[in-house]
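Following the hints, position chain W against chain F.
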Amino acid sequence: MRNDLFIAGYGGQGVLLAGNLLSYAAIHEGLNVSFFPSYGVEKRGGAAMCTLVFSDGDTGSPVVGHPSVSILLNQLSFDKYAAKVKPGGICIVNSTLVETGTVALDNVRLISIPMNSIANELGDPRMVNMVACGAYAAATGALKMGSLYEALKKSLPERNHKFIPANVKAIDTGAEMATSAMKF
Amino acid sequence: MTLRQFVKGNEAVAMAAIEAGVRCYFGYPITPQSDIPEYLSRELHKTGATFIQAESEIGAINMVLGASAAGVRAMTSSSGPGISLKQEGISYMAGSELPGVIVDIMRQGPGLGGIDASQADYWQATRGGGHGGYRIIVLAPGSVQEMYDLTMLAFDLSDTYRIPAMVLGDSVLGQMKESITPNPRPVCDLPAKDWAVRGWKEGTAQNVVKSLKLGDGEMEKFHWEMHDRYNLLADKECLWEEYRTDDATLIVTAFGSTARISRTAVEMAREAGMKVGLMRPITLFPFPKKAYADLSTKCKLFLVIELSTGQMVDDVRLSVQRDADVEFYGRPPGAGSLPTPEELFERIRKVYR
Chain F
1 MRNDLFIAGY
11 GGQGVLLAGN
21 LLSYAAIHEG
31 LNVSFFPSYG
41 VEKRGGAAMC
51 TLVFSDGDTG
61 SPVVGHPSVS
71 ILLNQLSFDK
81 YAAKVKPGGI
91 CIVNSTLVET
101 GTVALDNVRL
111 ISIPMNSIAN
121 ELGDPRMVNM
131 VACGAYAAAT
141 GALKMGSLYE
151 ALKKSLPERN
161 HKFIPANVKA
171 IDTGAEMATS
181 AMKF
Chain W
1 MTLRQFVKGN
11 EAVAMAAIEA
21 GVRCYFGYPI
31 TPQSDIPEYL
41 SRELHKTGAT
51 FIQAESEIGA
61 INMVLGASAA
71 GVRAMTSSSG
81 PGISLKQEGI
91 SYMAGSELPG
101 VIVDIMRQGP
111 GLGGIDASQA
121 DYWQATRGGG
131 HGGYRIIVLA
141 PGSVQEMYDL
151 TMLAFDLSDT
161 YRIPAMVLGD
171 SVLGQMKESI
181 TPNPRPVCDL
191 PAKDWAVRGW
201 KEGTAQNVVK
211 SLKLGDGEME
221 KFHWEMHDRY
231 NLLADKECLW
241 EEYRTDDATL
251 IVTAFGSTAR
261 ISRTAVEMAR
271 EAGMKVGLMR
281 PITLFPFPKK
291 AYADLSTKCK
301 LFLVIELSTG
311 QMVDDVRLSV
321 QRDADVEFYG
331 RPPGAGSLPT
341 PEELFERIRK
351 VYR
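Chains F and W, in that order, are what the protein sequence lines are. For the record, in the first sequence the residue sitting at position 125 is 125 according to the numbering used here, with numbers rising by one throughout. For the record, in the second sequence the residue sitting at position 274 is 274 according to the numbering used here, with numbers rising by one throughout.
Please keep in mind that the hints were generated in silico from the structure rather than gathered at the bench. In this text, a Cβ means the ideal position worked out from N, Cα and C, and glycines have one as well. Each hint can be trusted.
Calculated lysine-lysine pairs in the DSS-like style (CA-CA distance at most 25 Å, straight line):
(1) F/144 - F/162
(2) W/46 - F/154
(3) W/275 - W/350
(4) W/275 - W/298
(5) F/144 - F/169
(6) W/350 - F/86
(7) W/289 - W/300
(8) W/350 - F/84
(9) W/300 - W/350
Beyond 10 Å from chain W on every Cβ pair, some chain F residues (computed):
(10) 83
(11) 102
(12) 103
(13) 109
So that you can see chain F by itself, here it is in the shape it has in the complex:
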């Protein structure tokens, strides 16, 4: 079993933290993980993306041309990368910032979740990435929710562990939204 995932957005949206969180979750499940980040010279506002491969065997290429799942957090990423998703794959989109009509997706399951709105309602716009991670786990079934909760302890620095309950809530909300989106 080999899963690959591509995540992209603006620098500052927590793309790399999301990649780290899902990596730790996969390690928690005893899998091998390759996490390949790529970001611009800028910090906030530049392009940020990462590729994740996890497998019970060899992870193989850390570079993925056509991912089976993509999480795209802004319009730029959607326009550039949505069409690369493999046929039969899943594209999880932050619909607060993305107009999905710009790219025609053939045989790709589109899951639109207003991640910024949800994160704002939960009290912190920085939790967009957590909503996305929860949506990923629910939409793919590739990782258990419990593994994501465990992974929070590893991927957040100790001083931020007080925010874990809020992040768990964001993950859960993302998962619920994805589950109901899958019904249609």
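Below, chain W without anything else, positioned relative to chain F:
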């Protein structure tokens, strides 16, 4: 069982250096390897060892030379422009038969180039890099686990043969994170450093560490001795990994991160029913010539893939049997120029027969 950790390739190098008992690290920051000095500046002093951010790359390599002459394990790390600056010191180390580990996390060049992945320093690394006709040991990791394991091996080989050793990674391997097992330092029977200069005591022979050899026949003797030592290295220390080469009619060959991408492309080819294998050299010097010669008695078609316009391809051509064909596919470095497995699979399809 040692717990698995999730670390960057560069961090794995630094962790392994500490496990290998490095006593001195001297370096100067440069992307994409700055995580190595960053990690060591935080952690190395806890082992009682010394971390110095030198005034320059040239300063750093000469500090490695000095520490190594005193008989302790010393290392430095850098990338393209910094590695070029270090060549004078590496040549002096080679001439003085000093061990030492140099980590090169390749970036684009020439000149200042850029920070994305490249394999265009293969020639510089495997041909010695500096003046005077010497070689250094070059190890090419293909994963974060190997960044860790081969850094420890670099210290052991360097101490055993008294030849500087280089770990040759690239910005993909340096920046990516993988789950690794931080293995304990392997047990290894190392020769005593009875040549080291630690201060002279009455009644003991004087040790001299130098590369200036003006005596009659002294330099010629040195070169033939080193020549024999390089041959011994080739006989005993070659490392490589083969994947599904047994029945292959086409063998893809690549090192480092390119080998990782190639492996997935080879799997795609296998799924399409094509008999394709992968040969990944792990030691680039010594180059596993005999392994290529053996493979090419059965398989007559090789495809070399590199992130350059072709460097290792020379060594492959020199190693395979005369009736084997060697094709090449290169992706010179640049932002966004990393090939995908899908692209390499297309290339395999074009070449395959």
